[in-house]
Each structure stands twice: as structure tokens, then as C-alpha cells.
Amino acid sequence: MNLFLKELKAGLKPFFFWTLGLFALIFAGIVKSGAAMADGAFMTELIGKFPRIVIAVMGMANVDISNFGGFYGVLMQYTFVLTAVYGTHLGNNAVSRESVDRTYEFLFTKPRSRAFILARKLLAATVYLTVFAALNLLFSVLAAKQLGVEGDYTGLFLRFSFSMWLVGVVFFALAAMFSASFPSAERGARAGNLAVLGTYALAVVCDLLEKPGVIRLFTPFRYFPNHELMAGGFPFEFAALSVALAAAFLVLAFFRFERRDLGAL
Amino acid sequence: MNVFRFELRRAWVGAAVWTLVILGLLGGLIIGALPAFLDSRAGVEAMLGSFPPAFAAAFGLEMDNLFSFGGFYTFGFLYYSLFGAILVAGIGLDLFSREKREKCMDFLLTKPRRRSRLFGEKLLAALTLMFCSNALFVAESLALYRAYAPAPLQMGYALLAAVSLFFTELVMFSIAVFAAVFARRIRSVSGTATAIGFAGFLLSALHSLLEEAALRYITPYQYFDVGKAFFEGRFETPYVLTAAVVTLALLALSYWKYTRADIPAL
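As you go down the protein sequences, you meet chains X and U in turn. Numbering of the first sequence is given in the numbering used here, commencing with residue 1 and proceeding in unit increments. Numbering of the second sequence is given in the numbering used here, commencing with residue 1 and proceeding in unit increments.
A hint or two may mislead.
Unchecked claim - Below, computed lysine-lysine pairings styled on BS3-like, alpha-carbon distance capped at 30 Å:
1) X/K110 <-> U/K103
2) X/K13 <-> U/K257
3) X/K49 <-> U/K228
4) U/K100 <-> X/K13
5) X/K13 <-> U/K103
6) U/K257 <-> U/K100
7) X/K6 <-> U/K228
8) U/K100 <-> X/K110
9) U/K103 <-> X/K9
As the list claims (entries may be wrong) - Rough simulated footprint, nothing fancy, chain X against chain U, three-plus residues with beta-carbon under 8 Å:
10) 107 to 115
11) 160 to 167
12) 190 to 196
Derived from the structure by calculation, the hints contain no laboratory data. Idealized CB from N, CA, C, for every residue including glycine.
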């Protein structure tokens, strides 16, 4: 319990800054949405018929600003990116903070197994990720109320916030695995961050192609596309895939961490 | 020039790999997608024909700019900026927080060199890397422009558009140097660099979504509008001034702090 609380305390300040970013993104986006949505309906319908590559180059991929739900979806695509970067940060930090600070001999000489320690650290990070997604829901509801959007969007907010959590968890687990696998902390962190960048690039390629097909499987940023969530559905198969991926990465992280040569930087 | 040589030696491999990635991204997007994109123009025009003439006319005005090398280059530029920003933020953070991260500040500062000299050599090493990386980027951009854009070519405009990556990178670099010098500790260079790069990316996305003019003053990726450079051959003065002021101010503050800061006991 000590370790868990200590981890929570250590993560509080970064969490505060990331939350500030989320808050700014959502409030600025939603409060200003009224002006941006004007006369979008006809344009959206027209542009929707263009080839996908043209839509993407016009910057209208996954964009439907004719109604509030669509506008919110665009905003959420960006919070997915934010969450992915934050999740990566959490995963790296949980695994290699003591290595970076060169204080690992104080922690890992305690009478607890490495798996025990890592589990508490990852748990604390998951708490932050979960609160982050919950705050996304809260900010969305508050901002929509502030703006006086008519209609009940709570279900939509909930679906997007849950998707955001899943995206975050995948990148979090991936980063933890990389950090545990590479001998140097900096290299592990680099691999995790490169994964975010690479999958985002794949998501853009996905938008350019008429039939993305199997590429979608490789980029969590396209697991939860706007049009599906807006239509009231939820891609359960992709949610299951996210959970499975995260679980696999975490198992690997534990496996590698047990065998890791600590202290190498 | 020992510091200069040392920093170059330590950082050039990473910078070279990143530059290759950016060059690959640029080439891949243009060679892989530009022809298909230009081919789709006929289909879009046919579709527009079935719409009210007033609307088709309004839209048609934008067609020439959209379906051109410049239009496609502008689309990709957001991503080149993102990758470029992460590259230079990485260089800035790496060079200026190296001793802090490795807790060996005292070894460097006890050498018989002024701190201003150390700062200058590190800055020079970083700028050298950025300059080389961008020289390649500009060369590839112009080569692709010659190969893929129909005549008449406007090399001057294309050059200006390609160079705007360097200017954007300068702004992001100064932010990274500022962060490296002022932060108490940098745990992970790549993590912080990615965060800085994506922060700029999200600001840029928010700006294009909301079309709020005031927001552009805090959006480094939009200080130099590639579209404007490509089609009109100029940048907008207020934003260029903002970029210059931000860059110089951040670098000056970093210099001030670097040459005066106390070195914490370990």
C-alpha cells in the first residue's frame, strides 16, 4: 500500500499538467463549436461523396461539423492523441523512473518481489489514466452545459471517453513493455514514443486509402472511428482487441522486468 | 571547439535517422499518393457538375489550388512539421540537458571555458544539425516539385515553402532549449520531445478546427503558412514577427539562465 500511495503522489504533478491540457482542449473546442458549425450540413453531405484521398487532403477526414456530435468527435480524435502520449509517459515512468533517477537500489532491495513492485506501480498509473478518461467525460458534460447544447449527449460522451481510455491503456501497456525490454531507459522510452508517432502516421495513411482494410488493425487511433460512435454503436470487437493487446503487452512487461538487468542506463 | 565536436558526435546519428524518416515521409506521400490525388480531380469535377451552379463556381475557384503540387504539399506539411519539431525538440533537449541528466554538470563547468562559450558551442552544434537536415529536406522538396508539378514551375515559391519547415523548427527548438535549461530535471528526452511536438500539433489542429484568429499567435506550426508561401510567395508579417520574438526571447532567457544558474548539489 505504501508503494501505491507513493506512486500516486509522484504522479500527481504531471497528471495535473496533462489534465490542464485536456481541459483547455475540450473547453476551447466545445465553447467555440457554435461558430465553427455554421452552414456545415450541405458541405458535409457534398464532401462526403468525394474520394477519400480528396477528403483527407482538404482536412475533412473524419470531420463532420454539421452537428454537435460530429464536432465533438473531431475534438475527441485529438484527445485520443493526447491520451496516447500521456499513456506512454505513464508506462515509461512506471517501469524506469528509479533507473533514470539512479535510486533503484533503494526500492528493489526492499523485501518485495519485482513483480509485486511493478504491479503497484502500474496500478497507480492505471488509476491516473482512468481518472483522466473520467475527467474527459466530466469536462465534456460541463462544457456542453456551459454552451447550452440542446439534447442529451451523455451517451456519446460516455462512449468516446471509454474509447479514449482503451486507446490510452493500449499505449500505456506498450510503453511499459518497451521500457521493461530495452536495456537502457532512454531507448525504451524512445520506442514507446515512436510507436505513438508511427501508429498516428498509419492512421493518416488509413484516411488516404479508399479501403484501408487490415491497416486499421495496426493503429489504435482508428479502432473507434467517429461515424460508428456517433451513430450510437460501439465497436466491441475492437474494444476486445484493445484489451487483449494491453493484456499481452503487460504480461510481456512483467516477464521481461523479472529478468531485467537493473541499473543499466 | 571541443564541446561543438563532442555534441555533434553524440547527436548526429539520431538526427540523421530522423532526417531520413522525414525525407521518407515526404517522398512516400508525394510519390505514393500525389498522382492518385491529381487523377481524382475529374471525378470530383463531374460530381460538382450536378450541384447548383453558384455552389460549383464557388468551389471551383479553390480547385486549381487544391489539385496541385502546392495543395498536396500543404496537406502533408502538418506532418512534416510534427516530425521535424520532434527532431529538433529532441536535439535541443538532448544537448542542453545532457549534463543535467547524467549528473555531471560540475565536470563540464570546471573546465576553463566560460559558460557563454559552452552555450554557444552547443547552440552551434544544434543549428548545424538542423541546417544539414533542412538542406536535404529542401533539396528533396525541390526535386519532387520539378518531377511532379506541371509547368510553369515557380521555384522561388517552392523554395520559400520548403524553407518554412526550418523556421518552424527554429521556434520549436527554442522552446525545447528553454525547457531543457529551466526544468529541474529531464527524465526522458524522447518523451519530452514527443510531448512538445504533439502539443504543437494539437494547437494547430484546434486552430484549423475553430478558425479563431487569436489562437494562431500561440500556434507555432501556423506561424509560417505553407499554402501562402506556395501560392503567393510570402508569409504574413505579424506571425513571422511573433515567431522571431518568441524564438529570440526564449533563447535569450535560456542563455541568461544557463550562464548564471546555481548547480544543485547531487
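Need the status of pair U/K257, U/K100: alpha-carbon distance at most 30 Å?
holds, 14 Å
30 Å limit on alpha-carbon distance, applied to hinted pair X/K13 and U/K257
Distance ~24 Å between X/K13 and U/K257 Cα, so the pair holds.
Checking one constraint from the list: CA of U/K100 to CA of X/K13, max 30 Å. Satisfied?
Roughly 21 Å separates the two Cα atoms, so the pair holds.
Three residues or more, CB to CB closer than 8 Å: is that satisfied between the region 160 to 167 of chain U and chain X?
That given contact is violated, which follows from only 0 residues of the region 160 to 167 of chain U lying within Cβ reach (below 8 Å) of chain X.
Taking beta carbons only, do three or more residues of the region 107 to 115 of chain U come closer than 8 Å to chain X?
violated (count 0)
Under the criterion that the straight-line Cα-Cα distance not exceed 30 Å, is the pair X/K6, U/K228 satisfied?
Distance ~52 Å between X/K6 and U/K228 Cα, so the pair is violated.
Against the 30 Å threshold, does the CA-CA distance of U/K103 and X/K9 hold or violate the hint?
holds, 24 Å
Cβ contact check, 8 Å cutoff: the region 190 to 196 of chain U against chain X, three residues minimum
holds (count 5)
Verify the proposed pairing of U/K100 with X/K110, using a straight-line Cα cut of 30 Å.
It holds: about 28 Å lies between the C-alpha atoms, which stays within 30 Å.
Can the restraint linking X/K13 and U/K103 be considered satisfied, given a maximum Cα separation of 30 Å?
holds, 23 Å
Hinted pair, alpha-carbon criterion (30 Å max): X/K49, U/K228. Please report holds or violated.
holds, 28 Å
Would the pair X/K110 and U/K103 pass a check requiring their Cα atoms to be no farther apart than 30 Å?
Holds, at about 25 Å.
Of the hints listed earlier, those the structure fails to meet are numbers 7, 10 and 11, in rising order.
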